[in-house]
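**Q** Working from the sequences, and respecting the hints, build out all of it.
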Amino acid sequence: MSSHYEAPIREPLVLGEKSYHDITVDIAKPIEGKANKNWYIAFTISLIAFLWGIGCITYTIGTGIGVWGLNKNIGWAWDITNFVWWVGIGHAGTLISAVLLLFRQRWRMAINRSAEAMTIFAVFQAGLFPLIHMGRPWNGYWVLPIPNQFGSLWVNFNSPLLWDVFAISTYLSVSLVFWWTGLLPDFAMLRDRAVKPFQKKIYALLSFGWSGRAKDWQRFEEVSLVLAGLATPLVLSVHTIVSMDFATSINPGWHSTIFPPYFVAGAIFSGFAMVQTLLGIMRKVTNLENYITRLHVEYMNMVIMLTGGIVAVAYASEFFIAWYTGSPYENFTYMSVGAATGAYGWAFWSLILFNILIPQLLWVRKFRRSFIASFLISIAINIGMWFERFDIIAIVLSKGHLPSTWTRFEPTFVDIGIFIGTIGFFGVLFLLYARTFPVIAQAEVKSILKVSGENYKKLRDGNHE
Amino acid sequence: MYQFSGKLKTIALALMVLGAVGIISGFLSTPSSVEEVKEQLHHAQNAHGGHGEAKVEHHEATDAHADHHTEASHDTHGHDAHGHADEAHHEAAPSHGEEAHGDSHAEHVFHQLKNRPWAALYVACMFFFGVTLLVLAFNAIQRVAQAGWSIVLFRVMEGITGNLLPVTIILLVLLLLGSAHVHHLFVWMAPGTVDPTAANYDAIIDGKSWWLNVPGWTIRAIVYIAGWNIYRHLSRKASLAQDNATDLVNYTKNFKMSVAFLAFFLFTESMMSWDWIMSLDPHWFSTLFGWYVLATFLVSAVTVIAMVTVYLQSKGHLEYVNDSHIHDLAKFMFGFSVFWTYLWFSQFMLIWYADMPEETTYFVQRFEEYKLPFLLMIPMNFIFPILVLINSDYKRIPNFVIGAGVVVLLGHYTDVFIMIMPATVGGEWFFGLPEIGAILFFLGLFIYSVFTSISKAPLLAKGNPFLHESETFHY
Chain Y
1 MSSHYEAPIR
11 EPLVLGEKSY
21 HDITVDIAKP
31 IEGKANKNWY
41 IAFTISLIAF
51 LWGIGCITYT
61 IGTGIGVWGL
71 NKNIGWAWDI
81 TNFVWWVGIG
91 HAGTLISAVL
101 LLFRQRWRMA
111 INRSAEAMTI
121 FAVFQAGLFP
131 LIHMGRPWNG
141 YWVLPIPNQF
151 GSLWVNFNSP
161 LLWDVFAIST
171 YLSVSLVFWW
181 TGLLPDFAML
191 RDRAVKPFQK
201 KIYALLSFGW
211 SGRAKDWQRF
221 EEVSLVLAGL
231 ATPLVLSVHT
241 IVSMDFATSI
251 NPGWHSTIFP
261 PYFVAGAIFS
271 GFAMVQTLLG
281 IMRKVTNLEN
291 YITRLHVEYM
301 NMVIMLTGGI
311 VAVAYASEFF
321 IAWYTGSPYE
331 NFTYMSVGAA
341 TGAYGWAFWS
351 LILFNILIPQ
361 LLWVRKFRRS
371 FIASFLISIA
381 INIGMWFERF
391 DIIAIVLSKG
401 HLPSTWTRFE
411 PTFVDIGIFI
421 GTIGFFGVLF
431 LLYARTFPVI
441 AQAEVKSILK
451 VSGENYKKLR
461 DGNHE
Chain P
1 MYQFSGKLKT
11 IALALMVLGA
21 VGIISGFLST
31 PSSVEEVKEQ
41 LHHAQNAHGG
51 HGEAKVEHHE
61 ATDAHADHHT
71 EASHDTHGHD
81 AHGHADEAHH
91 EAAPSHGEEA
101 HGDSHAEHVF
111 HQLKNRPWAA
121 LYVACMFFFG
131 VTLLVLAFNA
141 IQRVAQAGWS
151 IVLFRVMEGI
161 TGNLLPVTII
171 LLVLLLLGSA
181 HVHHLFVWMA
191 PGTVDPTAAN
201 YDAIIDGKSW
211 WLNVPGWTIR
221 AIVYIAGWNI
231 YRHLSRKASL
241 AQDNATDLVN
251 YTKNFKMSVA
261 FLAFFLFTES
271 MMSWDWIMSL
281 DPHWFSTLFG
291 WYVLATFLVS
301 AVTVIAMVTV
311 YLQSKGHLEY
321 VNDSHIHDLA
331 KFMFGFSVFW
341 TYLWFSQFML
351 IWYADMPEET
361 TYFVQRFEEY
371 KLPFLLMIPM
381 NFIFPILVLI
391 NSDYKRIPNF
401 VIGAGVVVLL
411 GHYTDVFIMI
421 MPATVGGEWF
431 FGLPEIGAIL
441 FFLGLFIYSV
451 FTSISKAPLL
461 AKGNPFLHES
471 ETFHY
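Protein chains in written order, with the working numbering: chain Y, 1 to 465; chain P, 1 to 475.
Any given hint might turn out to be false.
[Unchecked claim] Non-contacting residues of chain Y with respect to chain P, defined by C-beta distances greater than 10 Å in every case (computed):
{"no.": "1", "residue": "I9"}
{"no.": "2", "residue": "E17"}
{"no.": "3", "residue": "I48"}
{"no.": "4", "residue": "I57"}
{"no.": "5", "residue": "V67"}
{"no.": "6", "residue": "I74"}
{"no.": "7", "residue": "M244"}
{"no.": "8", "residue": "T277"}
{"no.": "9", "residue": "I310"}
{"no.": "10", "residue": "G326"}
{"no.": "11", "residue": "L361"}
{"no.": "12", "residue": "T436"}
{"no.": "13", "residue": "F437"}
[Stated by the list, open to error] Here are the simulated PhoX-like cross-link-like pairs (lysine-lysine), alpha carbons at most 20 Å apart as the crow flies:
{"no.": "14", "chain 1": "P", "residue 1": "K253", "chain 2": "Y", "residue 2": "K366"}
{"no.": "15", "chain 1": "Y", "residue 1": "K366", "chain 2": "P", "residue 2": "K256"}
{"no.": "16", "chain 1": "Y", "residue 1": "K215", "chain 2": "Y", "residue 2": "K446"}
{"no.": "17", "chain 1": "Y", "residue 1": "K34", "chain 2": "Y", "residue 2": "K284"}
{"no.": "18", "chain 1": "P", "residue 1": "K237", "chain 2": "P", "residue 2": "K462"}
{"no.": "19", "chain 1": "P", "residue 1": "K237", "chain 2": "P", "residue 2": "K253"}
[Stated by the list, open to error] Computed far set for chain P versus chain Y, every beta-carbon distance over 10 Å:
{"no.": "20", "residue": "F4"}
{"no.": "21", "residue": "M16"}
{"no.": "22", "residue": "L28"}
{"no.": "23", "residue": "D103"}
{"no.": "24", "residue": "L176"}
{"no.": "25", "residue": "N213"}
{"no.": "26", "residue": "N229"}
{"no.": "27", "residue": "K237"}
{"no.": "28", "residue": "I277"}
{"no.": "29", "residue": "T287"}
{"no.": "30", "residue": "Y320"}
{"no.": "31", "residue": "D323"}
{"no.": "32", "residue": "S346"}
{"no.": "33", "residue": "I351"}
{"no.": "34", "residue": "D393"}
{"no.": "35", "residue": "I436"}
These aren't lab readings, by the way, just hints derived from the structure by calculation. These numbers were taken from a predicted model, which means no experiment stands behind them. All residues carry an ideal CB built from backbone N, CA and C; glycine is no exception.
**A** See below:
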């Protein structure tokens, strides 16, 4: 990586005649300036949605889970669907910062900061659902193995729901530390530029006295690499454990060994789609078009195509094996002829349309490199991946082993309200983040400027000729 | 240019001859009739002394397995049949005595012993085929990812895939011999399994006959093998043509072909694993199986690339390969070892956890009859590579890479062994002459075809636009 040679065939990652100082100025600008009207409008809408969500949550906890559309056969529906959806979205951040670091992908440097922020805010939303879907959330702390006065009554470590507790909390902690470590040099930059004493104080606190000495940088790099090495198995194991909530069961349609890697692939698929959605807007409103370029969008689309392909193979495997088993129960799983023609056929076909068919447009280079097309396709995938989780959960539960238990699920306004609330909460956090944090890791982008910057590449290629 | 040394050629040919001797001895030592097996069993019984309890237990285990394959049952997955069979034996044993019990048993053992040399050949062939195919896929991934580090290894990888044509031809012959009923590795191919009037009618296999039928299966096999070989041929041709080209036409063509190949591969690899390995246990199924097979071959493939690279480098043929390239390969060995373990554990744990009879039988049999190799896989494929290859300095030392590589390859051979043997020879397995002979034969073939292929082209893919990145690569 230390090589300063880059093949001329590679496209530049930083456009324009940028210098180190330009990068600093460009990235600090949204933080040092004032928010415009659009920001306030977006923030207000998000805040209202968030407050509405809080209202619905309070209502649920105060009145009881019965205000949701669940019934005695479908005990999980929107709650766990949203949980898995949000956790899945959170996976792209760690993938971008950890896996792409291990694979030495320089293009990750313009998007890793925001992807990680997205991870953390998405895991916040996900983390709400395991708490609020409990019948007695005030006893939630009983899931922790703490010595107590009930003869030291402990938890049973055999439940994947308990593994979820460990997985999600570890994931959040490690992601947070990883993110914050990367932020130190950037906060230091803001601290050094700050003119107002209050801001200087805040960024001085946040940057932990980073002074950028050689020794610090050396350790910084090593820590990043070790954390990336740890975060990669973590990111795989977290969604694996989430998938085991289903796969360890004996429900046809849930009990499937492919779930662990397939959920992970789906998580990366949906997570990248969300990054694409968010960055599609952010690069415009924060004027960072020279850093989040067409090339970045194309590369993200390629990851989306790859993981989408993996997910498609998994759907095919599920469909095939459900058939191959010869078990009549497998005819009603979320990937079966029964699902395609049953009462939830619309959900099945939405999944196929949004997840499998629409993303195939990305094979066309024109769409892959188009901001508008990428943005629209990424939204389709976000919808499709929500349907994937909904289908897995609701379709499978709606037709279990006993026909006398067959039923349907209809969400109430509270189910929907809480979901909207989490989207609002996510928006609130992300909008605040975009105004106060450096949304691009300037220290990292500076490290590739002379290798992958447009002006430097031109200079070099000129010399070759 | 690399010169295939006479010494190495002799070694390769010697391995093939030795291996062939082992394979033939395996075929010669199979019993020729059920009577012979009975005699052997009788001797074994006496040798075990008075009651031979352990042996009886062992019989029951294998018998239960026989029922697994032959007993017609309307129970969806035939597990109840196991239960009944076991009970029947428990009751029958004291009253009928050894003779009646021995009859059907001897016949079953006869079939298993007949299968053994074929299975030994099949395991080794499958292993070397899988490794070669995944080297091809890994190379395609490097092209598609526009990797900057691995260009100096392209000719090594392309050379290794020189083994693809010979090994897939042998594999295809082995598979076709199955559909011609020369061997009986695939029980669902046996005549009568889908005929309701036959004694060995199997309702479950009948229910799958839309997929598991000889014509369809044969056509699919030919399609997969043809598809992979065509890509290998065209990609190699384009790669060689790029060497002296002044433009990037061949490079671009190769890139596009590799993308198409990977899409084709992603589907055919899963289907191949269902057809050629999972269908050996036609009552069993696992959705993860295709990817699990992928992982075992992937880690072996990277290991083989690393080992061939280290060998060629030690002979002074890879001028631009430095310890950073070795380091990167070793990182992949490390990472994919963990990945294999992840998938192995996912499959095992989920089946163990839910403990549904139709799936659990698969692991029950492996755990009871193959305990040692089954358990040995974990230290060989996970713990050992983890401990040896986690250190950054060690990953740059060729001897560590070779040492870890040998263990990893043995471990993944064991994995393939565990996938195939229980379904074909059941409790009658042994790691002896036929197995070793088959490994030596395919190893000899591998060395011969790979180094022949490597000697046919310069070891540096000159025309690749990322070549200089790879030459100056340093990590």
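**Q** Work down the list of hints and note, for each, if the structure agrees.
**A** Now for the hints, and whether the structure bears them out:
no. : hint             : result
1   : I9               : 4 Å, violated
2   : E17              : 25 Å, holds
3   : I48              : 43 Å, holds
4   : I57              : 33 Å, holds
5   : V67              : 33 Å, holds
6   : I74              : 20 Å, holds
7   : M244             : 7 Å, violated
8   : T277             : 25 Å, holds
9   : I310             : 7 Å, violated
10  : G326             : 4 Å, violated
11  : L361             : 15 Å, holds
12  : T436             : 36 Å, holds
13  : F437             : 31 Å, holds
14  : K253/P to K366/Y : 19 Å, holds
15  : K366/Y to K256/P : 16 Å, holds
16  : K215/Y to K446/Y : 18 Å, holds
17  : K34/Y to K284/Y  : 16 Å, holds
18  : K237/P to K462/P : 14 Å, holds
19  : K237/P to K253/P : 11 Å, holds
20  : F4               : 32 Å, holds
21  : M16              : 37 Å, holds
22  : L28              : 38 Å, holds
23  : D103             : 31 Å, holds
24  : L176             : 23 Å, holds
25  : N213             : 13 Å, holds
26  : N229             : 22 Å, holds
27  : K237             : 22 Å, holds
28  : I277             : 14 Å, holds
29  : T287             : 4 Å, violated
30  : Y320             : 13 Å, holds
31  : D323             : 14 Å, holds
32  : S346             : 4 Å, violated
33  : I351             : 7 Å, violated
34  : D393             : 14 Å, holds
35  : I436             : 32 Å, holds
The structure does not agree with the numbered hints 1, 7, 9, 10, 29, 32, 33 stated previously, though it agrees with the rest.
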